[in-house]
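Chemist: Single-letter residue listing:
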Amino acid sequence: MKKLIVALCILAVLTSAVFAGGTAEGAAKKSNLRVGMVTDAGTIDDKSFNQGTWEGILRASKDFALDVKYLKPAGTTEADYLKEIGNLVDAGYNMVICPGFKFETALFEAQDKYPNVKFVILDGEPHSADYSVFRIEKNVVGVYWAEHESGFLAGLAAALQFKNGNFGFIGGMEIPAVQKFNWGFQQGVKYANANHGANVVMKQENNLYQGTFDDIGAGQQIAASMYDRGVDVIFAAAGGVGVGVINEAKNRAAAGKKVWVIGVDVDQYSEGVMPNGKSIILTSAMKYLDRASYDMIENELNGRFPGGTVLHLDATNDGVGIPVENPNLDKSVTDEVARAYAMLKSGAIKVADTGDGLFK
Amino acid sequence: MKKKSRRATSSNAFLVAVSAVFLGLIGGAVLMALIGSNPFTGFYYLFRGGLMNIERVGNTLATATTLMLVGLSVAFAFKTGLFNIGASGQMLIGGLCATLVAHKVFLPRPLFLVVLIASALIGGALWGVIPGFLKARFNVHEVVATIMMNWIAYWSIYYFVPAYLKGPSLETESASIAVSQSLRAPWLTKLFNGSYINYGFFIAIAAVIIIRFILDKTTLGFGLKAVGSNRFCAEYAGIKVNRNVIISMMIAGSLAGLAGLSFYTGYSRNMQIGVLPAQGFDGIAVALLGASNPLGVLFSSLFFGVLQSGKGFMNAMTSVPPEIADSIIAVIIYFTATSVLFQRFWDRITRYRRSRHPEQSEEE
Numbered sequence: 001m002k003k004l005i006v007a008l009c010i011l012a013v014l015t016s017a018v019f020a021g022g023t024a025e026g027a028a029k030k031s032n033l034r035v036g037m038v039t040d041a042g043t044i045d046d047k048s049f050n051q052g053t054w055e056g057i058l059r060a061s062k063d064f065a066l067d068v069k070y071l072k073p074a075g076t077t078e079a080d081y082l083k084e085i086g087n088l089v090d091a092g093y094n095m096v097i098c099p100g101f102k103f104e105t106a107l108f109e110a111q112d113k114y115p116n117v118k119f120v121i122l123d124g125e126p127h128s129a130d131y132s133v134f135r136i137e138k139n140v141v142g143v144y145w146a147e148h149e150s151g152f153l154a155g156l157a158a159a160l161q162f163k164n165g166n167f168g169f170i171g172g173m174e175i176p177a178v179q180k181f182n183w184g185f186q187q188g189v190k191y192a193n194a195n196h197g198a199n200v201v202m203k204q205e206n207n208l209y210q211g212t213f214d215d216i217g218a219g220q221q222i223a224a225s226m227y228d229r230g231v232d233v234i235f236a237a238a239g240g241v242g243v244g245v246i247n248e249a250k251n252r253a254a255a256g257k258k259v260w261v262i263g264v265d266v267d268q269y270s271e272g273v274m275p276n277g278k279s280i281i282l283t284s285a286m287k288y289l290d291r292a293s294y295d296m297i298e299n300e301l302n303g304r305f306p307g308g309t310v311l312h313l314d315a316t317n318d319g320v321g322i323p324v325e326n327p328n329l330d331k332s333v334t335d336e337v338a339r340a341y342a343m344l345k346s347g348a349i350k351v352a353d354t355g356d357g358l359f360k
Numbered sequence: 001m002k003k004k005s006r007r008a009t010s011s012n013a014f015l016v017a018v019s020a021v022f023l024g025l026i027g028g029a030v031l032m033a034l035i036g037s038n039p040f041t042g043f044y045y046l047f048r049g050g051l052m053n054i055e056r057v058g059n060t061l062a063t064a065t066t067l068m069l070v071g072l073s074v075a076f077a078f079k080t081g082l083f084n085i086g087a088s089g090q091m092l093i094g095g096l097c098a099t100l101v102a103h104k105v106f107l108p109r110p111l112f113l114v115v116l117i118a119s120a121l122i123g124g125a126l127w128g129v130i131p132g133f134l135k136a137r138f139n140v141h142e143v144v145a146t147i148m149m150n151w152i153a154y155w156s157i158y159y160f161v162p163a164y165l166k167g168p169s170l171e172t173e174s175a176s177i178a179v180s181q182s183l184r185a186p187w188l189t190k191l192f193n194g195s196y197i198n199y200g201f202f203i204a205i206a207a208v209i210i211i212r213f214i215l216d217k218t219t220l221g222f223g224l225k226a227v228g229s230n231r232f233c234a235e236y237a238g239i240k241v242n243r244n245v246i247i248s249m250m251i252a253g254s255l256a257g258l259a260g261l262s263f264y265t266g267y268s269r270n271m272q273i274g275v276l277p278a279q280g281f282d283g284i285a286v287a288l289l290g291a292s293n294p295l296g297v298l299f300s301s302l303f304f305g306v307l308q309s310g311k312g313f314m315n316a317m318t319s320v321p322p323e324i325a326d327s328i329i330a331v332i333i334y335f336t337a338t339s340v341l342f343q344r345f346w347d348r349i350t351r352y353r354r355s356r357h358p359e360q361s362e363e364e
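Protein chains in written order, with this note's numbering: chain A, 1 to 360; chain B, 1 to 364.
Be aware that a few hints might be false.
To be verified - Simulated crosslink set (EDC-like; lysine to aspartate or glutamate; CA at most 16 Å straight-line):
#  : chain 1 : residue 1 : chain 2 : residue 2
1  : B       : Lys-166   : A       : Glu-174
2  : B       : Lys-166   : A       : Asp-330
3  : A       : Lys-257   : A       : Asp-228
4  : A       : Lys-102   : B       : Glu-235
5  : A       : Lys-345   : A       : Glu-298
6  : B       : Lys-225   : B       : Glu-235
7  : A       : Lys-258   : A       : Asp-228
8  : A       : Lys-113   : B       : Glu-55
9  : A       : Lys-278   : A       : Asp-228
10 : B       : Lys-190   : A       : Glu-109
11 : A       : Lys-345   : A       : Glu-325
Hints in this document: simulated from the structure, not taken from any laboratory.
Quick caveat: nothing in here was measured; it's all calculated off a predicted structure.
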């Protein structure tokens, strides 16, 4: 019994030390903007959504000397997301950026629960779990991208580079953002065929959705069968599945085959680099995630936070495009794509965000 | 005399658990110090995050609920000398059955809750009884069988959820369950200021009491424990070993099924494909720390609940990155899982003291 008392005493002393020691850091500066981010499925260095968003936040923190922080939820359910948002808010973060449509329902509740906190959701807008109510409060901004324009430019660039070839598409889940990449890509290839004398083939069998964003093995298998069927270039808009596609392309390129991948969301060039220093990433269909998070923070600092609105970022406001540097594209190709980009801006070219007359 | 010696062992188990937790916290503190953070602030915010206000207490209890039921499941199987590694799969199937009921069955609330609980109970029991039967009939080791059952459950969910329970847009998760069809109760949510706490907590407490009663006060419990201590001796004494193995796995499975119920229809209110719930494995640590004793499981699950729900707040308030926070928790689990070492340590001290005071040990 005595040792029990001793043990309890030690524990009591320790806990009191723990609680006494901690109070110093609690008094944080509240006047400044503090920006938090909750990651979506995957890690912060996912070369995609999380990383792109976080890079914009980091850039803003450097430029405006802000306090920033990201939290990684235990899972990807609404409860997990809300918990981390609550943690950020309780810790004094007054702006929270959430990358991904999966935050839509969590933000639908958070916008009322924390009316003094600014929220940004990328690729979505708040709605109830059963999609019956769409409502966006004054403290929330939803951001959408014109993925079809980004896909169009990437498809055009690839078709101009190859003139003749066989292109394929691998998507993740069949959700609007991914579908629009697919449709835009097909329109870009068709545009090159019609206006620039290219002769690129696309087939229904080489156009499919894997169904998840994280099955690397499946991505590799699908890519292998497509390359076996004679496809030269695969546009992979599929998150982790795309990693499998890139791996397969690397293996084949290392064996001397001429295969390519078009990246998605961010510039994935570095993902496709092989030991010989060359990359199998031809170009990437980008959404400038970092610009969106950076701009929202800048707007908030200037008192121009567009709360209560849903933004649509496209070529006219430089929200989409292909990377500035494309080591695998010829100069003539990038020049031509730049011309097309200007025409997208001016409205001379229109890219449809629907799949009419295209492979689904 | 008999009573006294029993008390001595139970206080020993308590000491083992406390010292394991203590060393685990120290291990975590060292890790925090190594990355240049102040361990005291780290732990301060870890515990504040779990207990700061009534909402967080509720969330901690909700997190602990699932761990408590899984811990009970593993502990119960331990008592019969079985290692139930399949709690994740049993959770999934229990959760799947409950989610099906939540979406398809419409009854008056009290009756509905009974059906909901029963469905998870049966689903989990089914997933537990199969490895139990294989063990009893063909002597297939339950560790292998339950791990296989985990993957069967995992891939069944992969098929079932998109095919029959799909939400309006997402292919990878079931439609969200309406609050009135879930385990959540508006009065509880209100009482705890918008927390995720749900009826699962009461189910878990009831399960602790029932399991304690079964183990300590019934012939069934005696038989199960006898099989666990020495199955050959039990067989010699006329206890039906095979029957007890099957019953033990069935009850363990149904407890894990209830954990699935509390998690999928109370906490998250939907099921996602491609996720083997980590709680199924955390429950092993809970059972070990709780010395496979129902009351011990109750307290150790609350402790783990605080750690897991406080983690995020610690991340937000300190420079400890989320990935390190997971490692710190893992260190604590590691120490608690090796509690056998502490048991030896305390045993040795007791023996040493007895040898110095022989009259005391004679008294015992």
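Chemist: Against each hint, give a clear statement of whether it holds in the structure.
Modeler: Hint check results:
Note on Lys-166/B and Glu-174/A: the hinted pairing holds, with a Cα-Cα distance of about 14 Å set against a maximum of 16 Å. For the hint pairing Lys-166/B with Asp-330/A, the CA-to-CA distance comes to about 46 Å; that exceeds 16 Å, so the pair is violated. Between Lys-257/A and Asp-228/A the CA atoms are separated by roughly 11 Å; this keeps the pair inside 16 Å, and the hint holds. Proximity of Lys-102/A to Glu-235/B is assessed by CA-CA distance (about 55 Å); at most 16 Å being required, the pair is judged violated.
Note on Lys-345/A and Glu-298/A: the hinted pairing is violated, with a Cα-Cα distance of about 24 Å set against a maximum of 16 Å. A C-alpha spacing of about 12 Å is found between Lys-225/B and Glu-235/B, which places the hinted pair at or below 16 Å, so the restraint holds. A threshold of 16 Å between alpha carbons decides the hint, and for Lys-258/A with Asp-228/A the separation of about 12 Å falls inside it, so the pair holds. Taken as a hint, the Lys-113/A and Glu-55/B pair is honoured in the structure, with Cα atoms around 13 Å apart against an allowance of 16 Å.
The hinted pair formed by Lys-278/A and Asp-228/A fails the criterion: a straight-line CA distance of about 22 Å is larger than 16 Å. At most 16 Å may separate the alpha-carbon atoms for a hinted pair to count; Lys-190/B and Glu-109/A meet this at roughly 15 Å. Taking the CA atoms of Lys-345/A and Glu-325/A, the gap is near 20 Å; set against the 16 Å cutoff, the hint is violated.
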